[in-house]
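Engineer: Residue numbers (my numbering), protein chains in the order written: chain H, 1 to 314; chain E, 1 to 279.
FYI, nobody ran anything at the bench for these hints, they're computed from the structure. Certain hints may be false.
Derived pair list, reagent style BS3-like, types lysine-lysine, alpha-carbon separation capped at 25 Å [to be verified]: (1) K45(H) with K167(E); (2) K45(H) with K134(E); (3) K237(E) with K185(E).
Quick partial rundown of chain E residues pointing at chain H, CB under 10 Å, derived from the structure [to be verified]: (4) P60; (5) Y140; (6) W157.
We put the beta carbon where it would ideally sit given N, CA and C, even for glycine.
Take a look at the letters that make up each chain.
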Amino acid sequence: MADVKKIATRESYGNALAELGDKYENLYVLDADLAAATKTGIFKKKFPDRFFDCGIAEANMMGVAAGMAAAGKIPFASTFAMFAAGRAFEIVRNSIGYPHLNVKIGATHAGISVGEDGATHQCNEDIALMRTIPGMTVINPADDVEARAAVEAAIQHNGPVYLRFGRLAAPVFNDPAAYKFELGKGIKLREGKDISIIATGLMVSEALAAAEMLAAQGVDAEIINIHTIKPIDADLIAETAAKTGRVLTVEEHSVIGGLGSAVCDVLAERQPTKVTKIGVNDEYGHSGPAVDLLKQYGLCADNIVKTALSIVKG
Amino acid sequence: MDAMLKKKLETTACKVRMGIIEGVHAAKSGHPGGSLSIADTLTYLYFARMNVYPDKPEEPSRDRFVLSKGHTAPALYSTLAQRGFFSPDELKSLRHIGAMLQGHPCIEIPGVDMSSGSLGQGISAACGMALAGKISNDTYHVYTVLGDGEIEEGQVWEAAMFAAHYKLDNLTAIVDNNGLQIDGKIEDVMSPYPIVDKFKAFGWHVIEMDAHDFDAIEAAFNEADKIVGQPVVIVQKSVKGKGVSFMENNVSWHGAAPNDEQYETAMNELKAALAALEA
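Turn these sequences into a full structure, and let the hints guide you.
Structural biologist: Written as structure tokens, this is what we have:
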């Protein structure tokens, strides 16, 4: 994929906000002193009167967003995933989730691809935390095209939404002309019969790359992109599991409580199937260049291939 | 204050207190002490100050109220019932399974503008409402009541910074300084004092008020009206358990319901007070 265009989904987020600001006049953006990093600064530049910095105070920011939504505005509250889902969890749960307010949480710098900042800033738990909140929609887009579409879908959805974006530039594989984002619907990117690889976020392009490598070795992988982790596309997951009988989930998130767990929840009820999970195991990240970290933690096409082969030939 | 209005407010506040006791007794749990200490302030807000519409609880132009010290929901519910948002009979099923009135304020209840109860969060939501009002040039005002123990929560001070930074003069916070929290006197548990100086240092206009004197209450809110360019906090000196003799200044009534006998005693006291006011 060397010649493929790469854009970090946080960049897509900032661009989408700035673009959609014209169309949705009721859209406001809050940040907690990270506008340059979360890329909400792009919106701030275009709409300075609709951007409010809350300073380094994420708990209050989530509460302010709740109050704005209660008064009819559509606020996007932005900070790193660690602070949005982690530090402010209880405010998100009680002030946004419980009253089911129309707040959009734009969480960037999710996963270990944060890189050099290390474990304190690498949030591998946010999907798990956010999907336990009743009524919370959780979206983890895979590339620039999907991320931009997800931002607009979040605006059109009435209710709280958690959007997960990454710091690392990600390959753009979706065709903007053909792409259609449907909240709660997974996307089958490749038909296959030997194994179902269900991926989310940054790992979708790795899964696609792995499928090509697997094909060269005679393994026909079906690739499913789950951009909406909640509500999850149970039908598509059950259908692909029934078809291939082998499921491998891939996510840049803890294997506890994320996509893999959500897929297991579906299959345990609907289509009992053995599931293998690739993700961050029960451990913290550490400092290093993002791409090297992803390789070290097995969040790469090579490891997907290796794991898939062992499942298929196992 | 006009004498007739004062009498009406005193009478209403007495009925609000009876509803508090009714609700907490029926629930067999809840927080009477801090509910009784804010009964006069809530009565003043809902009967003499705020623009609210019991028939149209979500009217966009309404003034907003957030009970940041959400555990004193019985005071809010009883006030809303007196104001006509729902029947006072609802208080009899407070905290019951399947009932409308939840243990802490829930946004789905008519007249409740924000779910609250996890301390420190309501003031942030109130800031958000006030900011939204500023953005749209709306004329509504936002009120929020905090506990003096509640302000030990760090989020309160994040919100205090925010409100001053964005010059939210359409926001009035009231700190209910009854001096007691569950574990004891606030100065013994974790002193938030000096409350007045802290808010001043955070850029707020501070007014001190006697929470059980309607002349003082009116004067404080009238002063708050005049403040431009900064948020106002009214630090009200109150008596926890006010109006029920055996509950006054007694921390054990922070979070305990009266038994049947105590309920009778409390209601008889309040009935006598009401009769005296109506005589």
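Engineer: For each hint, tell me whether it holds in the structure or not.
Structural biologist: Here's how the hints hold up against the structure:
Among the hinted pairs, K45(H) with K167(E) is consistent with the structure: their alpha-carbon atoms are about 22 Å apart, no more than 25 Å. Simply put, K45(H) and K134(E) have alpha-carbon atoms about 21 Å apart, close enough for the 25 Å limit, and the pair holds. At roughly 14 Å between alpha-carbon atoms, K237(E) and K185(E) fall within 25 Å of each other, so this suggested pair holds. Interface hint at P60(E): satisfied, since its Cβ lies 7 Å from the closest Cβ of chain H, which is below the 10 Å cut-off.
Proximity of Y140(E) to chain H holds as hinted, the smallest CB-CB distance being about 8 Å (cut-off 10 Å). For W157(E), the interface hint holds, the least distance from its beta-carbon to any beta-carbon of chain H being 9 Å, beneath 10 Å.
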